[in-house]
Amino acid sequence: MTSVRLPLFPLNTVLFPGLVLPLNIFEARYRALMRDLLDLPEDERRFGVVAIRDGREVAATAPGMPDSTALPDKGAAAGFGDDPIRAFHPVGCVADAATIQEKGATAGPAPEGSDENTSYEVLTTGTTRFRLLSVDASGPYLTGEIEPLEEEEGEGAGALAVGVERAFRTYQKKLAWANERTVTSSQELPDDPAVLSYLVAAATVLDVPRKQQLLEAADVSSRLAQELKMLRQETAVIGKLPSLPAVDLTRQPTSPN
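For what it's worth, our numbering labels the leading residue of the sequence shown as 1, then goes sequentially.
Keep in mind that the hints were calculated from the coordinates and are not lab data. The reader is advised that the hints may include incorrect statements.
FRET-style restraints, in silico, Cβ to Cβ [claimed, not checked]:
{"id": "1", "residue 1": "3", "residue 2": "177", "range": "46 to 52 Å"}
{"id": "2", "residue 1": "190", "residue 2": "218", "range": "16 to 22 Å"}
{"id": "3", "residue 1": "240", "residue 2": "13", "range": "25 to 31 Å"}
{"id": "4", "residue 1": "169", "residue 2": "102", "range": "38 to 44 Å"}
{"id": "5", "residue 1": "218", "residue 2": "177", "range": "32 to 38 Å"}
{"id": "6", "residue 1": "232", "residue 2": "99", "range": "37 to 43 Å"}
{"id": "7", "residue 1": "158", "residue 2": "12", "range": "30 to 36 Å"}
{"id": "8", "residue 1": "240", "residue 2": "3", "range": "45 to 51 Å"}
{"id": "9", "residue 1": "189", "residue 2": "236", "range": "18 to 24 Å"}
{"id": "10", "residue 1": "42", "residue 2": "177", "range": "39 to 45 Å"}
{"id": "11", "residue 1": "156", "residue 2": "26", "range": "42 to 48 Å"}
{"id": "12", "residue 1": "101", "residue 2": "136", "range": "23 to 29 Å"}
{"id": "13", "residue 1": "237", "residue 2": "188", "range": "23 to 29 Å"}
{"id": "14", "residue 1": "173", "residue 2": "75", "range": "44 to 50 Å"}
The calculated lysine to aspartate or glutamate pairs, modelled on DMTMM-like cross-linking and capped at a C-alpha distance of 25 Å, are [said to hold, decoys possible]:
{"id": "15", "residue 1": "173", "residue 2": "234"}
{"id": "16", "residue 1": "74", "residue 2": "145"}
{"id": "17", "residue 1": "103", "residue 2": "42"}
{"id": "18", "residue 1": "229", "residue 2": "192"}
{"id": "19", "residue 1": "229", "residue 2": "219"}
{"id": "20", "residue 1": "229", "residue 2": "153"}
{"id": "21", "residue 1": "173", "residue 2": "191"}
{"id": "22", "residue 1": "173", "residue 2": "192"}
{"id": "23", "residue 1": "229", "residue 2": "152"}
{"id": "24", "residue 1": "74", "residue 2": "102"}
{"id": "25", "residue 1": "240", "residue 2": "165"}
{"id": "26", "residue 1": "173", "residue 2": "188"}
{"id": "27", "residue 1": "240", "residue 2": "207"}
{"id": "28", "residue 1": "74", "residue 2": "54"}
{"id": "29", "residue 1": "229", "residue 2": "155"}
{"id": "30", "residue 1": "103", "residue 2": "39"}
{"id": "31", "residue 1": "174", "residue 2": "188"}
{"id": "32", "residue 1": "103", "residue 2": "44"}
{"id": "33", "residue 1": "103", "residue 2": "27"}
{"id": "34", "residue 1": "229", "residue 2": "191"}
{"id": "35", "residue 1": "229", "residue 2": "188"}
{"id": "36", "residue 1": "229", "residue 2": "165"}
{"id": "37", "residue 1": "103", "residue 2": "121"}
{"id": "38", "residue 1": "229", "residue 2": "216"}
{"id": "39", "residue 1": "229", "residue 2": "151"}
{"id": "40", "residue 1": "74", "residue 2": "136"}
Given the structure is predicted, the values throughout are model-derived calculations rather than measurements. Virtual Cβ for every residue (Gly too), placed ideally from N, Cα, C.
Please model the complete structure; the sequences and the hints are all you need to start from.
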């Protein structure tokens, strides 16, 4: 499959195809990305989201961390080391920037004609998985050569989807009970096994490595099989705990960048 080049947006979270992710943009490198995207037609405003496995989502903005004598990191690769590709998981998801809204100036003066204090609110939707082949840090923000990944269904996806849906509903009820909440019994889940696999992956309370494992699954059947095992394990754990922190299963966190 032919590779393409896209801007990169590293995050401490995993974006899945079909899922919505709101972003709050305030760093210089990502403000530059938003300006460039706004110059493109609406249907071409895309970038690649990659989960961070080593590094910082937000670069240091003031001296004092971790070395009080050090100056703040600057540049496209700030916080990700000399070889940024090693800081990211190898599979990411293309994000379609559905809306990019300028929030206006933040506190403090800025030079006339400068967007130094301007931030953006962006609503993105995951579209296609990709494999990250290389990273270029020579510009104002990271760009990457990516190879889109085809979505294979695999064997037995339909039957696995039935089991995952049942296990997910049980998981929801257990989690709601632990948080003294209620679950709407009429909540609809998608019939398409691939869509269901990504919804469950996003909605289940898992750490980044395990969510990344689901994103990287070879096919839909493999992802559903992993989810069935994870859901059963998590449900068993929840059943043994007296209470859990409140978690919104259907909302993706806003990432500060």
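Here is what the structure says about each hint:
1. 3 to 177: 46 to 52 Å: Given range 46 to 52 Å: holds, Cβ gap about 47 Å.
2. 190 to 218: 16 to 22 Å: 21 Å, holds
3. 240 to 13: 25 to 31 Å: 27 Å, holds
4. 169 to 102: 38 to 44 Å: Roughly 41 Å apart at Cβ, these two residues keep to the hinted range, so it holds.
5. 218 to 177: 32 to 38 Å: At 34 Å between Cβs, range holds.
6. 232 to 99: 37 to 43 Å: For residue 232 and residue 99 the Cβ distance comes to about 38 Å; the hint holds.
7. 158 to 12: 30 to 36 Å: Since residue 158 and residue 12 have Cβ atoms about 34 Å apart, the given range 30 to 36 Å holds.
8. 240 to 3: 45 to 51 Å: At roughly 47 Å between Cβ atoms, residue 3 and residue 240 fall inside 45 to 51 Å, so the hint holds.
9. 189 to 236: 18 to 24 Å: For residue 236 against residue 189, whose Cβ atoms are near 21 Å apart, the range 18 to 24 Å holds.
10. 42 to 177: 39 to 45 Å: 43 Å, holds
11. 156 to 26: 42 to 48 Å: 46 Å, holds
12. 101 to 136: 23 to 29 Å: Since the Cβ atoms of residue 101 and residue 136 sit about 28 Å apart, the hinted range of 23 to 29 Å holds.
13. 237 to 188: 23 to 29 Å: 27 Å, holds
14. 173 to 75: 44 to 50 Å: 48 Å, holds
15. 173 to 234: Holds - the C-alpha atoms of residue 234 and residue 173 are around 12 Å apart, at most 25 Å.
16. 74 to 145: 22 Å, holds
17. 103 to 42: Satisfied, since the Cα-Cα distance of roughly 19 Å is no more than 25 Å.
18. 229 to 192: Judged against 25 Å, a Cα distance of about 20 Å means the pair holds.
19. 229 to 219: Distance of about 16 Å is within 25 Å: holds.
20. 229 to 153: Holds. Residue 229 to residue 153 sits at ~18 Å (cutoff 25 Å).
21. 173 to 191: 20 Å, holds
22. 173 to 192: Within the cut-off at roughly 22 Å; holds.
23. 229 to 152: Measuring from Cα to Cα gives roughly 20 Å; hence the hint holds.
24. 74 to 102: 23 Å, holds
25. 240 to 165: 22 Å, holds
26. 173 to 188: Status holds; Cα separation ~15 Å.
27. 240 to 207: Given that 25 Å is the threshold and the Cα spacing comes to 19 Å, the pair holds.
28. 74 to 54: Cα-Cα ~17 Å, so holds.
29. 229 to 155: 17 Å, holds
30. 103 to 39: Answer holds: residue 103 to residue 39 is near 17 Å, not above 25 Å.
31. 174 to 188: Holds. Residue 174 to residue 188 sits at ~18 Å (cutoff 25 Å).
32. 103 to 44: Judged against 25 Å, a Cα distance of about 22 Å means the pair holds.
33. 103 to 27: The hint holds at about 13 Å.
34. 229 to 191: 20 Å, holds
35. 229 to 188: Given that 25 Å is the threshold and the Cα spacing comes to 22 Å, the pair holds.
36. 229 to 165: 12 Å, holds
37. 103 to 121: 7 Å, holds
38. 229 to 216: Given that 25 Å is the threshold and the Cα spacing comes to 16 Å, the pair holds.
39. 229 to 151: 21 Å, holds
40. 74 to 136: 15 Å, holds
Against the hints set out earlier in the document, no violation occurs for any number.
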